[in-house]
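*Asks:* Sequence:
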Amino acid sequence: MVRISHYSASVAVILAGFGALGAAYYGEFVEHLVPCPLCYIERWPYRIMIVLGVLGMVLPRRIARASLWLASVTMFTDAGIALVHVGAERHWWQSPLPECNIAPAQFGALPLRPSASCDRPVFPVHGLPVSFATLDLLYALATGAIISVYLIQTRGRR
2 MVRISHYSAS VAVILAGFGA LGAAYYGEFV EHLVPCPLCY IERWPYRIMI
52 VLGVLGMVLP RRIARASLWL ASVTMFTDAG IALVHVGAER HWWQSPLPEC
102 NIAPAQFGAL PLRPSASCDR PVFPVHGLPV SFATLDLLYA LATGAIISVY
152 LIQTRGRR
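In our numbering, the protein residues as written are 2 to 159.
Quick caveat, the hints were computed from the structure, so don't treat them as lab data.
Honestly, I wouldn't trust all of these hints.
Label pairs and their calculated CB-CB ranges [stated by the list, open to error]:
| hint | residue 1 | residue 2 | range |
| --- | --- | --- | --- |
| 1 | A143 | W94 | 21 to 31 Å |
| 2 | H92 | L60 | 41 to 51 Å |
| 3 | R156 | V55 | 14 to 24 Å |
| 4 | L60 | A24 | 21 to 31 Å |
Positions of the beta carbon are idealized from the N, C-alpha and C atoms, including for glycine.
Required output: the full structure, derived from the provided sequences and hints.
*Replies:* Written out as structure tokens, the structure reads:
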């Protein structure tokens, strides 16, 4: 059995957060995919997870484990946000954000940042009908589960 320290687990949490944000920014700035307001909200848990990972690296083991538990909870929270987004994309419900449900700007009034509609899925892989929100849902669930399994398996280890 491979023994992973809380320091290594914290580094993995940081890398997972940067990986998700990197994919989002790549889609936005390289592929020129326009994110919706829910997309921007879905990025915040990854930023929080990165901070929690850094805390896990520098704090004593017991507090580091607490920060890793918080990172897991953060990922499950992001999965909930992504589920709301997937539901809006699939027209199961309307987005809870009012800016997702308003008519586009008229008569030359442009928003400060272009935004897509929350109910139109953005597909990062051409030909594959899996949206960014669906990928985020799966990634957040997997990341939260991996962190939780690690913490459960290393409970009581010094």
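*Asks:* All hints are to be evaluated individually against the structure, with a verdict given for each.
*Replies:* Here is what the structure says about each hint:
| no. | hint | verdict |
| --- | --- | --- |
| 1 | A143 x W94: 21 to 31 Å | holds, 24 Å |
| 2 | H92 x L60: 41 to 51 Å | holds, 44 Å |
| 3 | R156 x V55: 14 to 24 Å | holds, 23 Å |
| 4 | L60 x A24: 21 to 31 Å | holds, 28 Å |
When the structure is compared with the earlier hints, no violation turns up for any of them.
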